[in-house]
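Engineer: Sequential numbering from 1362 applies to the sequence shown in our numbering.
Think of the hints as simulated: they come from the structure by calculation, not from any bench.
On a predicted model such as this, the values are computed, not experimentally measured, just so you know.
Mixed in with the good hints, there may be bad ones.
As the list claims (entries may be wrong) - In the DMTMM-like style, the derived pairs of lysine to aspartate or glutamate whose C-alpha atoms are separated by at most 20 Å in a straight line are:
no. : residue 1 : residue 2
1   : LYS1405   : ASP1367
2   : LYS1410   : GLU1369
3   : LYS1388   : ASP1367
4   : LYS1394   : GLU1378
5   : LYS1394   : GLU1369
6   : LYS1376   : ASP1406
7   : LYS1394   : ASP1367
8   : LYS1388   : GLU1378
9   : LYS1388   : GLU1401
10  : LYS1388   : GLU1369
11  : LYS1376   : GLU1401
12  : LYS1410   : ASP1367
13  : LYS1405   : GLU1369
As the list claims (entries may be wrong) - Here are the computed distance ranges between Cβ atoms for each label pair:
no. : residue 1 : residue 2 : range
14  : GLY1383   : MET1362   : 26 to 34 Å
15  : PRO1396   : VAL1373   : 14 to 22 Å
16  : LYS1410   : VAL1380   : 25 to 33 Å
We put the beta carbon where it would ideally sit given N, CA and C, even for glycine.
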Amino acid sequence: MYSYNDFERLFVRYKAEVVPVGISIQKFCTANKVPYNLFERWYKDTRHKIEK
């Protein structure tokens, strides 16, 4: 099972390393063997906390 910290680290890596390259979050999740639907649910539940 993935924890809040796991998803947070994944999101930070995505923003820092992958966004500039232009790869989608779905492809990034797949490449890192993280189910996108779980990441998406985490993001929807916490996006207001991490964008501040």
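Engineer: Hint by hint, where does the structure go against what was stated? Just the numbers, ascending.
Structural biologist: 16
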